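Chain A is fixed; fit chain B onto it per the hints.
Listed below, chain by chain, are the residues.
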Amino acid sequence: MNRLDARELWEYTLTQVELSISPANFNTWFRDSSIVKIEEGIVYVGVPSQFFRDWYLKKFNMLLLKIIRGVSHEYRNIEYMIVKDDRRRPPKESRHKPQQTVEMPLDEFYINKSDGLNPRYTFDTFVVGSFNELAHTAAQAALKRPGIMYNPLFIYGDTGRGKTHLIQAIGNQFKKLYPGRKVFYLTSETFGQDYTNSIQAGNTNRFKEKYRQYDLLIMDDIQFFAKKDKTQEELFHLFNALYDNNKQILFSSDRAPAAIPDIADRLRGRFAAGMSIDIGEPDTESRMAIVRKKAASHGVYLSDEVIEHIATSISGSIRELEGVINSVVCHTQVKGVPPDLAEVRHSLRSFARPQKTVSVKHVVSKVAEFYGIDEESIYEKTRRREVVRPRQVIMYILREDFSVSYPTIGSKLGGRDHTTVIHSCEKVKREVLVDPDLAKEIQDIRSLLV
Amino acid sequence: MIITLDKKEFSEGVQSVARFAEKRSGTLPVLAGIAIIAGDDGIKLRATNLETGVDLKIEGTIKSDGVVALPAATLRDIASSLSGSGTLTLEHSGDTVLVSTGNGRSTLKTLAFEDFPTLPLPESPRAKFELPGSLLKALVMSVVSYASTSTVRPELASVLIAGEGSALKAVATDSFRLAEKKVSLSSSIAAFSMLIPAKNAIDIMQTLPDETIEIAVDEHQCAFYWKKGVLTTRLVTANYPDYTQIIPKSFVSEATVLKKDFEAALKRTAIFSDTFQKVRLGFDAGSKAVALSAQNADVGDSAESIPAAISGDAVELSFNHRYLSAPISTIAAESISLSASGIGRAMVMRGSGDTSFLYLVMPMNQ
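Keeping their order, the protein sequence lines are chains A and B. Residue numbers 83 to 532, in the working numbering, belong to the letters of the first sequence in order. Residue numbers 43 to 408, in the working numbering, belong to the letters of the second sequence in order.
It cannot be assumed that every hint is accurate.
[Stated by the list, open to error] The list that follows gives simulated cross-link-like pairs (lysine-lysine, DSSO-like), each with its CA atoms no further than 27 Å apart:
no., chain 1, residue 1, chain 2, residue 2
1, A, LYS141, A, LYS310
2, B, LYS105, B, LYS270
3, B, LYS170, A, LYS166
4, A, LYS166, B, LYS211
5, B, LYS65, A, LYS141
6, A, LYS140, B, LYS65
7, A, LYS140, B, LYS99
8, A, LYS511, A, LYS494
Derived by calculation from the structure, the hints in this document are not laboratory data. Please read all numbers here as calculations on a predicted model, not as lab measurements.
Excised from the complex, chain A in its bound form:
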């Protein structure tokens, strides 16, 4: 005797029914039915209307009886009842009420249409470490007094450091804290596109009105505004309108406001006017915490040495870290046990990033081209100003981006002493921090080298 609950019994029944009737029949007659209750051996099947009840009685009654009696002889009979419309609907309905989305079982790909936020990103799943502690604290402070504390809040950091997670979490938390206020999340690309469309459709006023109504506006990947002058201007006006009304604005970018190339100065100044915070590279401990948390969220518990290995061998982007965790989770689901250190080590090989190789000559020619000087002069022992600066920049880039050793750099660039190279690198490093023009130049050169 095997008693199942109503849902399991119905699922079992459906699998059996599916075998004995045509798919079209099955889809038409069984899609909206369910077992409502089981009482004293009588199974009550809920159907949408009398059309269904009559047809069940005529066609499927014997089949269903046979199936459920096969499960248990306790089930004596089947009764069909027409379920009320309001009982049948709730799962569909909940999706139409945006305020419920926060409590909803979160669907990975579900994005709330009205505010663009993905409810998957919350503070609960956000791992705080020394690398992003400051950003996290600033986010909390901004949430407490939106529009006043840090406005705008500008969060920047390399790709895969959790910028989007953080700013979306702010949006989701804001919705929870202030149910009446309006949040909107969008990427700078969406904004630009929306603006272009509004020009095409000739309703730029509506475009302006649309964005001015929000209490919290979140704009992701602001660096893509580079060179889009008209869109920048529109953003500038929007920014002023929101800022003057004490509406909180949130930006993210992959570089500091000062280092975004080709962006109007008045906009650059405004980006930096509130609080700009850098999310750095996660340290090993933080990465371990992230690995542990992400794996646990999939129900996989890894040994400490495996966690440590993953955290140390994948550097930089958290997104890559997630990729590794996903493959570990997949491995666990297939084999039933979490992988051990040897297996992880093996599978990590495929994730290892190819070493960046660089020819010094390539860098030199690109930089020389950028500054419009003769390539040969870089190698010469000249101290003319227009050559010295590019040479230092080359050294800096070779050192910072490609980790070429100081003596190698020195010998390749016309046999200079390694201390000269160190001095040049340090000098550029210092100046980048205070001189936005230089920072921009270097950024532009980097984009040339990719």
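Frame of chain A, contents of chain B only:
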């Protein structure tokens, strides 16, 4: 099965029955078909989409009995292509039907009749009454367009039909506006109420004849019988909101305007409404006029006033102009009364001296 039908009779029958065949794909193929049943009680056409169903008798001679299901779309195409008078013969053999008209012959593939559902009829009706079909059609058609088009709340996507004594009423609302129409019957009926899905109601009302029909209602199903056929529909079993609560009992301002004035002014002003289709309506007792105005940043603005008999305070409300113009065609009277119950509260529109039709519309946020 071999039957012979008059072409015109066949065309009309198919056209009205085909409306009830399933149009969506992915369901049971036979639901997209029309069943032709030739038996002791004549020839019947039957179609259902599991929401509504129809059984229609058509005139013809039966040479041999039988049943067959044929695709509705094809039958409809055939029906609309028939020309001239004369007869048409359907002959069923194996899995094809031979259609012969005069000197044309075509064969049609059949659908599996054994999958064709039965039409459910109310088993133990709670209410059963007769009324002229024309009356019922007028009743339902004057409100059905105000039902909600979204299926999120099935009760709002339905038309409420309720009766008690000799009064019968139909109500529909989409939560922005509400329409109620009442008619009186010649005989008295037991109290009942039912919710017909608005989509089904439209199909049914377009098919019902003007002659006397009998209505039978039980909890889940409603059927309309007349001498040539029967229509049946599923009912919505959710609770209908207590709409009488929303109808204002007292008004702060009441205006009576000529229908043609109001209609024309609204049409002109609506040109200047913004993307939210907003039109402002001002009641001004002092100048004995109702002012209409609208402005659109891209187009311009417009204001005009129409003479009115006004009592009460001055009040200004904004509305979606479509919601204001929608009921005008339903109102038969020469003049319309507009009764406002205050800022942010519902306004009632009626034909002057006509208590049978009430239209209530919610203003927009200012």
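Here's how the hints hold up against the structure:
1. Among the hinted pairs, LYS141 (chain A) with LYS310 (chain A) is inconsistent with the structure: their alpha-carbon atoms are about 66 Å apart, more than 27 Å.
2. Of the pairs offered as hints, the one joining LYS105 (chain B) and LYS270 (chain B) holds, with about 21 Å between alpha carbons and a cut-off of 27 Å not exceeded.
3. Of the pairs offered as hints, the one joining LYS170 (chain B) and LYS166 (chain A) holds, with about 23 Å between alpha carbons and a cut-off of 27 Å not exceeded.
4. Note on LYS166 (chain A) and LYS211 (chain B): the hinted pairing holds, with a Cα-Cα distance of about 23 Å set against a maximum of 27 Å.
5. Restraint check: the Cα-Cα separation between LYS65 (chain B) and LYS141 (chain A) comes to about 24 Å, which is no more than 27 Å; the hinted pair holds.
6. For the given pair, LYS140 (chain A) sits about 25 Å from LYS65 (chain B) by alpha-carbon distance, which is consistent with the 27 Å threshold.
7. With a CA separation close to 24 Å, the supplied pair LYS140 (chain A) and LYS99 (chain B) stays within the 27 Å bound.
8. A hinted pair counts as satisfied when its Cα atoms are at most 27 Å apart, and LYS511 (chain A) with LYS494 (chain A) qualifies at roughly 21 Å.
Figure legend: structure checked against the earlier numbered hints; the only hint not met is number 1.
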